[in-house]
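S.K.: Listed below are the residues making up each chain.
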Amino acid sequence: MTRPLHLHPDRLFASDPAQRDIARALYRTVADLPIVSPHGHTDPHWFATDAPWRNATDLLLVPDHYVFRMLYSQGVPLDALGVPSRSGAPTTDPRAAWRTFAQHYHLFRATPSRLWLDHVFAEVMGLDVALEEATADLYYDHITARLAEPDYRPRALFDRFGIEVLATTEGAEADLSAHRAIRASGWGGRVITTYRPDGVIDVEHEQFAPAMARFAELTGEDVWSWRGYLAAHRKRRADFRAAGATATDHGHPSARTANLSAAEAEALFRRVTGGRPDAADADLFRAQMLTEMARMSVEDGMVMQLHPGSFRNHNEALFATYGRDKGADIPMRVDYVAALKPLLDAVGNERDFTLILFTLDESTYARELAPLAGHYPCLRLGPAWWFHDSPEGMRRYREMTTETAGFYNTVGFNDDTRAFLSIPARHDVARRVDCAFLARLVAEHRLEDWEAAELAQDLTVNLVRRAYRL
Amino acid sequence: MTRPLHLHPDRLFASDPAQRDIARALYRTVADLPIVSPHGHTDPHWFATDAPWRNATDLLLVPDHYVFRMLYSQGVPLDALGVPSRSGAPTTDPRAAWRTFAQHYHLFRATPSRLWLDHVFAEVMGLDVALEEATADLYYDHITARLAEPDYRPRALFDRFGIEVLATTEGAEADLSAHRAIRASGWGGRVITTYRPDGVIDVEHEQFAPAMARFAELTGEDVWSWRGYLAAHRKRRADFRAAGATATDHGHPSARTANLSAAEAEALFRRVTGGRPDAADADLFRAQMLTEMARMSVEDGMVMQLHPGSFRNHNEALFATYGRDKGADIPMRVDYVAALKPLLDAVGNERDFTLILFTLDESTYARELAPLAGHYPCLRLGPAWWFHDSPEGMRRYREMTTETAGFYNTVGFNDDTRAFLSIPARHDVARRVDCAFLARLVAEHRLEDWEAAELAQDLTVNLVRRAYRL
Amino acid sequence: MTRPLHLHPDRLFASDPAQRDIARALYRTVADLPIVSPHGHTDPHWFATDAPWRNATDLLLVPDHYVFRMLYSQGVPLDALGVPSRSGAPTTDPRAAWRTFAQHYHLFRATPSRLWLDHVFAEVMGLDVALEEATADLYYDHITARLAEPDYRPRALFDRFGIEVLATTEGAEADLSAHRAIRASGWGGRVITTYRPDGVIDVEHEQFAPAMARFAELTGEDVWSWRGYLAAHRKRRADFRAAGATATDHGHPSARTANLSAAEAEALFRRVTGGRPDAADADLFRAQMLTEMARMSVEDGMVMQLHPGSFRNHNEALFATYGRDKGADIPMRVDYVAALKPLLDAVGNERDFTLILFTLDESTYARELAPLAGHYPCLRLGPAWWFHDSPEGMRRYREMTTETAGFYNTVGFNDDTRAFLSIPARHDVARRVDCAFLARLVAEHRLEDWEAAELAQDLTVNLVRRAYRL
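Heads up: the protein sequence lines correspond to chains S, A and E, in order.
Using the working numbering, the first residue of the first sequence is number 40, and each one after it goes up by one.
Using the working numbering, the first residue of the second sequence is number 40, and each one after it goes up by one.
Using the working numbering, the first residue of the third sequence is number 40, and each one after it goes up by one.
These are computed hints drawn from the structure, not numbers from a lab.
One should not assume that every hint holds.
Dumping the calculated DMTMM-like pairs for lysine to aspartate or glutamate here, alpha-carbon to alpha-carbon at most 25 Å [unchecked claim]:
# : chain 1 : residue 1 : chain 2 : residue 2
1 : A       : K380      : E       : E188
2 : E       : K380      : S       : D322
3 : S       : K380      : A       : D364
4 : A       : K274      : A       : E355
5 : E       : K380      : S       : E172
6 : A       : K380      : E       : E212
7 : A       : K380      : E       : D118
8 : S       : K380      : A       : E355
9 : E       : K380      : S       : E245
All chains, full assembly: derive it from the sequences and hints.
M.R.: Following this line, the structure appears as structure tokens:
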């Protein structure tokens with residue numbers, strides 16, 4: 040006997056009736072607003088080619104590191120899930136992989152993955168029984184069949200989801216051909232790119248040399264000279280803007296910034312690009328480049344995003360066999376106060392510059408980030424990120440940032456996902472949690488009802504449009 | 040059409056009816072208790088001269104760094120708000136500044152500033168419409184008119200607010216003439232001082248040399264010798280006690296303490312006062328002086344307060360133009376466990392010594408501060424401080440300290456403000472949040488109702504009177 | 040007039056009626072399940088000899104560092120409570136000590152000690168008036184009389200409490216005679232040991248040399264050679280397994296691990312055991328030994344537990360007079376991400392190895408521990424520990440770990456206590472708090488009711504049995 044799959048209309052609202060009534064009313068006013076997705080990792084080729092996805096496993100399981108990391112933590116080998124290693128995809132039958140997933144679905148109880156997946160299953164796929172071992176095949180067949188239908192192609196879903204704008208993320212060495220193809224296709228969906236130059240800034244990255252080669256090729260600059268290197272960045276930033284980008288993104292180990300003299304910076308560049316750089320120089324170079332990027336943002340108006348604090352590829356053996364992005368990135372303690380000072384001393388009071396800060400270290404919300412954003416004109420706080428993009432994580436974010444930074448130094452929601460089908464689910468969770476937070480403030484007479492109504496709109500669409508200049 | 044300004048009688052209580060009823064009943068028993076304000080930054084000259092304040096902007100906007108930092112973070116220049124720079128007050132019309140503030144009042148939604156200001160507007164000023172662009176002039180005129188009335192002079196408000204005692208804070212180089220004038224005036228208000236010697240302890244402070252000169256002058260001691268320097272502190276502590284002080288206050292970058300031998304301390308003193316001290320020595324000297332101050336407290340019974348962890352004047356350009364206390368102080372991560380050990384090894388088991396610890400780093404509440412205060416006889420926990428003096432901040436404080444330190448190792452509320460008119464608002468918020476916390480404990484059957492009733496009194500007046508020896 | 044002592048049947052459940060009803064129903068299904076206690080510090084001699092305890096003070100006050108640390112923090116000398124110093128027990132009359140405790144019982148309001156003690160008083164001792172100065176003698180006489188009755192002997196209480204298994208903790212130098220006596224006695228209670236080799240791993244411990252001597256004697260190995268030392272650990276692990284142990288336990292200052300080559304490890308061993316080791320070597324040796332212990336766990340299947348982050352014996356004067364475990368251990372900030380990497384690189388992907396991590400630094404729950412446990416197959420999260428074994432602490436634990444690690448990477452509850460009579464109380468608090476947490480999830484439609492019912496069983500008995508291989 041199967042169990043029903045049911046998304047309760049009041050999910051994520053407080054059970055207290057006074058709060059729930061207010062939350063419900065607020066949510067009704069934002070539930071159907073367009074989705075503005077200024078930061079994510081979907082593949083632009085989906086929208087360029089509009090080719091159908093193949094099956095449930097390839098679409099929903101194999102690329103979702105939230106999902107396979109949890110399964111791996113409970114002893115399920117990645118091969119059994121169809122996750123490719125450095126030597127290619129395993130021979131695992133996708134249906135068998137799906138069955139393994141279904142059998143372990145209870146592991147996701149009370150996790151955001153469960154919320155998102157159930158939303159995809161019910162709302163996007165129209166399933167009405169719960170996923171478990173007994174329904175694995177039913178799910179696999181149902182989803183795979185749907186994906187073959189025209190209504191389930193990327194562009195059709197983009198339209199059905201009500202997406203106003205979707206930003207992808209590309210490296211400095213990307214050719215942006217998919218983005219050009221989307222624009223040339225005549226399709227009306229707004230898919231834009233984001234400039235993420237980490238690959239040509241992190242000299243310790245194993246792909247640094249090939250990335251630099253592509254960077255040179257695409258720009259025609261002598262990227263191995265400091266002057267040429269900076270000029271190449273400027274050119275590529277312009278290319279990205281031409282492909283719709285309004286923002287840059289920087290994923291560094293720490294938030295460290297530096298502001299060296301031009302001569303020191305050039306000498307440092309020579310050291311890190313000439314032979315094996317030492318770790319201290321590599322780190323200083325990343326720090327210096329954040330300030331260089333900030334200065335270019337002051338020039339060209341691109342919004343800058345900084346996502347620090349992830350220890351990438353923590354699991355040595357897994358990295359050796361499977362490579363990057365296999366669920367083994369672990370957050371670290373991060374400092375912002377001393378780290379950002381050089382950059383802020385350089386451009387912190389620029390009124391037309393925007394630097395959006397993210398964190399994986401929640402202890403910095405109330406201690407560092409809210410006080411910084413509540414003072415510096417250029418700073419805004421990105422939403423609860425990655426592991427904290429969850430009901431409890433978002434609640435803590437609002438509780439720990441609002442009193443010092445207010446709502447207006449925040450920038451709405453980022454789904455930050457490569458799981459395209461989950462985008463409506465993720466925005467829905469964010470809207471519900473924000474409405475629940477506002478409802479508590481109203482019910483405790485800390486906010487007027489008309490203010491909450493305005494804020495619900497602001498948190499859903501206005502702040503993100505404004506912050507990302509969309 | 041204006042909107043009404045209304046302070047809901049149940050504000051800040053949980054919306055759950057069981058909790059709300061208990062909170063309301065508890066609050067009724069403490070709402071009208073006298074205000075005991077053992078730590079703050081009001082200007083004693085107000086009470087010495089009892090001169091009227093001039094206008095809304097000068098009183099409520101210009102000196103309130105919580106307010107102007109938020110406006111600055113959203114691009115409003117400090118000049119437009121009338122905030123003085125190092126070269127003096129700008130020529131900004133105070134009414135224009137007030138209008139700018141009113142226009143941006145929505146930025147303060149769900150912040151403590153909003154709670155405090157609305158309380159001042161409604162309760163102190165008798166306004167009944169909300170502040171917004173349309174009511175800016177009405178507010179400005181109304182408040183400015185009130186301030187000219189005798190009932191709105193400092194002493195009249197002091198009496199009306201039901202203040203039992205108000206502590207100000209003065210440097211070691213202060214002449215205390217305002218305090219002497221208050222006592223000589225025959226007015227009955229109890230305004231006392233607090234000994235804050237940071238200016239003659241922090242050798243890196245830009246005003247260290249002139250402060251030392253005043254320190255020498257006021258004490259007649261050779262303050263440039265270690266023995267004379269310590270003797271000067273003793274004399275000034277006695278002067279402050281004569282002006283009513285029961286406490287000292289220390290605002291250091293970190294909680295570091297040291298306990299050098301007499302010879303080492305003297306050598307260190309010579310190094311830091313002879314020419315340009317290096318940063319390590321300056322820091323060690325601050326650390327050593329905390330232990331010296333603690334020893335003097337053991338001798339003279341003054342309660343010691345330590346407020347570490349603020350990165351002062353983080354914004355270089357702003358500091359250059361506007362100077363200190365312009366909303367650019369940012370909290371940092373703080374350690375207490377290793378930092379306090381030298382001082383605690385020296386005097387930590389003294390039963391008549393009290394050291395009240397504050398923090399801007401909430402991660403230390405449950406991890407370090409509650410365990411320390413739940414063991415050492417001399418330690419008490421100051422209330423949620425500065426950015427954390429807010430409904431959510433106070434709730435977290437109680438949730439994270441009570442189970443290990445209990446209520447009786449805490450010291451009631453500090454308003455810590457220079458915004459005199461907001462003092463009743465701040466104490467009211469604290470009383471409400473404490474009653475809401477106690478109500479939850481009673482409603483969850485973790486505390487008996489009669490215990491909560493006793494605790495409400497203790498948290499409001501008994502603990503503060505006892506801890507500060509008032 | 041005395042006050043009634045009453046344990047409310049709904050204590051620790053949310054006051055919101057929807058949540059409370061669900062919590063009550065869940066709790067009913069787990070309230071009477073057996074107690075599985077895989078980690079604690081009761082004395083196995085109690086169960087070996089089954090001798091009666093002497094009086095209320097000796098049983099409930101003198102050994103409970105949670106209790107006497109709070110009294111000490113408020114100025115009560117340890118001597119007045121009967122706490123022994125290095126020179127033996129004070130002459131304090133146990134009844135007088137109990138009166139002092141009773142007089143200060145209000146200090147424990149809203150602390151877990153209060154919850155546990157009231158449960159002991161009401162449920163175990165059958166008292167129906169509250170403890171206060173006026174009832175001190177009544178309590179003392181009542182409890183002391185009960186303890187003389189056969190039903191209050193250790194084994195009778197063990198059976199009455201419904202304990203399925205109780206693990207004690209012994210050092211590598213322990214003879215395990217009490218455990219042998221229990222097994223030889225024919226009594227059916229399952230009391231097992233746990234291998235805690237800190238005493239022969241921490242070369243800075245003041246008892247290191249005598250512990251090593253006992254270690255050599257018990258194993259017949261040359262423990263002063265690296266090879267013999269490792270062989271001795273293997274032998275003792277086998278001895279402990281023979282005495283029922285399924286786990287080892289490691290209480291280190293930090294979570295640092297190392298993975299030196301065999302030659303480096305041997306050289307390090309020689310340095311730290313030959314004369315006065317320097318602090319850096321001592322720390323590196325502890326780090327290396329964690330990895331050695333992990334490797335042995337891979338061999339022999341013992342579950343490994345790591346409890347880092349306590350600054351032991353922080354109060355120098357108290358330590359000098361009273362020795363260890365006198366309430367002066369203070370948590371410190373802890374890093375896991377870099378610290379555990381060497382061990383995890385060595386054995387982190389072993390599917391049959393289990394390493395259970397505890398923390399006193401709650402900022403690591405969401406940032407480090409949940410992401411690590413949500414990825415590595417060997418890692419599990421221990422429950423909220425020590426100062427965080429409290430209603431608010433457990434709530435934060437669930438809120439900050441569940442969304443990333445799920446429920447199934449946690450291991451149920453540990454009482455971790457030497458206060459045998461409080462074991463049912465502690466497990467009852469944990470069950471109530473877990474049911475309250477699950478109830479919130481159900482009431483907010485984040486979990487189905489049937490899932491919560493399954494989880495309540497899992498969190499109470501299934502996860503702990505599985506994780507500890509019981």
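S.K.: Which hints from the list above does the structure break, by number from lowest to highest?
M.R.: Result: hints 1, 4, 5 and 6 break, sorted rising.
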